[in-house]
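Peer 1: What follows is each chain in one-letter form.
Protein chains: 2
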Amino acid sequence: MGSSFGIAIVGCGTVGNATAALLLSESDNFYRKTGIKLTLKALVDINFDRAREAELNDSLFNENLASVLEDGTVHLIVETVGGLTIARTIIEKALKSGKHVVTANKALLAHYGAELFALARKNSVSIGFEASCAGGIPIIRALVDGLLSNSNEALYGIVNGTSNFILTEMVEKGKTYAEALKLAQAEGLAEADPTLDVNGMDAAHKLTLLGSLAFGVSIPLDDIPVEGIDGLDLFDVSMGNDLGYVLKLVALARKTEKGLEMAVKPMFLPDDHPLARVSGPFNAISVYGNAVGHTMYYGRGAGGSPTASAVVSDVLSIALGTWSTLFSTLTIWPDRCEKARLADSGESIHRYYLRFMIRDVSGVVAKITAVLAEKGISLNAFVQKESHEGKLVPIVITTHEAREKDISEAFNTIVGLPSVDNKAVRIRIIDEHPESL
Amino acid sequence: MGSSFGIAIVGCGTVGNATAALLLSESDNFYRKTGIKLTLKALVDINFDRAREAELNDSLFNENLASVLEDGTVHLIVETVGGLTIARTIIEKALKSGKHVVTANKALLAHYGAELFALARKNSVSIGFEASCAGGIPIIRALVDGLLSNSNEALYGIVNGTSNFILTEMVEKGKTYAEALKLAQAEGLAEADPTLDVNGMDAAHKLTLLGSLAFGVSIPLDDIPVEGIDGLDLFDVSMGNDLGYVLKLVALARKTEKGLEMAVKPMFLPDDHPLARVSGPFNAISVYGNAVGHTMYYGRGAGGSPTASAVVSDVLSIALGTWSTLFSTLTIWPDRCEKARLADSGESIHRYYLRFMIRDVSGVVAKITAVLAEKGISLNAFVQKESHEGKLVPIVITTHEAREKDISEAFNTIVGLPSVDNKAVRIRIIDEHPESL
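Line by line, the protein sequences give chains A and B. Here our numbering is used: the first sequence runs in plain steps of one and ends on residue 1463. Here our numbering is used: the second sequence runs in plain steps of one and ends on residue 1463.
Straight-line alpha carbon distances no greater than 25 Å define the calculated SDA-like cross-link-like pairs of lysine to any residue that follow:
| no. | chain 1 | residue 1 | chain 2 | residue 2 |
| --- | --- | --- | --- | --- |
| 1 | A | LYS1199 | B | ASP1298 |
| 2 | B | LYS1281 | A | TYR1057 |
| 3 | B | LYS1281 | B | SER1462 |
In case anyone wonders, no lab produced these hints; they're calculated from the structure.
Take these sequences, add in the hints, and give me the full structure.
Peer 2: Here it is in structure tokens:
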């Protein structure tokens, strides 16, 4: 009892400062609960304005990473710089200096996780990354520990809080995409440059990591079909709502006979779907295991304090040695497992929401349904709004289950019809995944 | 790599047999993921009829526990006998023989957890009990690992699947309590003797364990105010529903200025409360931490296969050594922490649903509201159904926040009024817990 464990945080932004504050304020509690004294040794950055704003003590500030890495009393580096360049160098240097690393950097791990994990092993240290996926929700631990007894069958996540906040504002308050994005930025939920959030890539980064651990395979980021919420129209959000669906940016990975199906896309969920109620900045991940059935994990997917919660839990687990045991023993990490066999996304089976804009020409509806019928696609609902002469009239169709490829071909054929405008929309509908119990 | 870890299961009922089946069918997967060969060495019972039905191999059957405990290749005993007597003896013998123990026995741990944990430490082994609370949901791990960085502020659980199934049938299908209970039994969701499920004691057992780990204190089972669903009337379930509330059996533990408030009672949750949608046999636990805010864990709270998922995850964690590290190092276990300072439940502050049956006498409504006003209790809603001469007429009141003690006194005064029948109902209304972030 009473061992000391030294920590340096590199990057004094929102997460770095919140982590420092949590380590400092709860130090006695952690000691009482674990017998380990977590000691914050240094805050490393080149600018300490935000750290000063957060009222962190000047004596911790250090511009010299090398000196921190040489300090034998520092056992672990928390990287909260973000991005793919400097952060990568920092982590590599830390690992080579024999320091454990804890990071929230999903982009970096999605791109270079396998290399970094291997480098950590070579130096007999470990990398904690609970904070990289879904903020404070302990989903990584659930996959590598609590659900380890399962062969997982599917994982569905709402893992980008910014997108979910924007969609919730559109669904519940009828805001346009642009209005909702502006509000997200005003409330500090979206970055000044929100590209990675709204184009789906942030969710794809997380899906690469979560899918890899859930299925024990390595998943190349580039192989995931990704679509963001940035092209969405309020009309479809509202129309889907009227039909009993909620639009969410869903990250999906599931086993099929033809391999692992993966996707990040805006999808419609039926009102009573377990993920349909996950609103605003919250995240949730549903996992379907062969033994446990459906389990779901819900919480704040971003923000300084929730992310710091995950960072510090990693620090504690590494200090205790439990994370290090999992990291060094298990074979489900991306650097230790085979590449996933991914299913051809054209073969995936889903229901669909389709919206076409037609010129008010009698006969075109019959043509549209004929094209769908030809591909064996049967209709579930059909809505034609009142038409005003000369204007484009929306037609909304929901289908029964169909192959993506067939939908895609029918969609393109319909958009090519002379009376159909080329602005058209196609969104998957995801029913609740069946439990195999 | 390649170490072998021997397991014996004592008790060939639903959970024991499902655990055996999972260990046998997934053995290769576990070896691939962990490098450890989990080997099922014996099934111990005095009757193997159900094990034979489950098509488990006769060669594993063993009536002689002593011989299993003497077997040096058996490292861990899974106890799935249940109850407070034989199970206790089995676990004590196993621990004294230097075997780790994994159990789903919440009743036993709620009563004798501290003694058994201490005995395990004395013999340098550990006890895994993920399966004891909320079936397959990895909530114990969340509390002792994923959320370890937090000082928790509150925990709310729907942790008895039988009660939740019965209430869901009453709410959604208008069944009476007796009808719903009968269905639960027919579907194998309720025991032949469902007493502990429907009288709230099973949920109290789990709350003792979960609360203890969430707050790092030991909680005497007898100190928890417990009320079951067995006295509920369909009228109140439906009336609450009309007012926008869902009735759930809630297990609650939360910090207040006056100590830890704990209770297991049927409570009304507003429709949009995060736990309101937890239906049928599902369980969920909401935890509010000072750093992470609200996180929720959802899944099947009972059943052979989901419980076996938790049992085998414990077996894997003990075989890997991670659970043993947490068990031996942390100080939040009931045998290592101080007794909780519990708040006087009379001081707890809640909103209430009140229902009185009155004889159709003008003036009694004024008397009722006067009694409430005298205690400083203000009304939120008031519903009086049409009266038919000579019959008892229900009056339903929802209140704003009030002290339990004041509500109780007002309630008793009202029931004592000459025009009020002594059959009356008082149910807490629980709004969503605020996050302190």
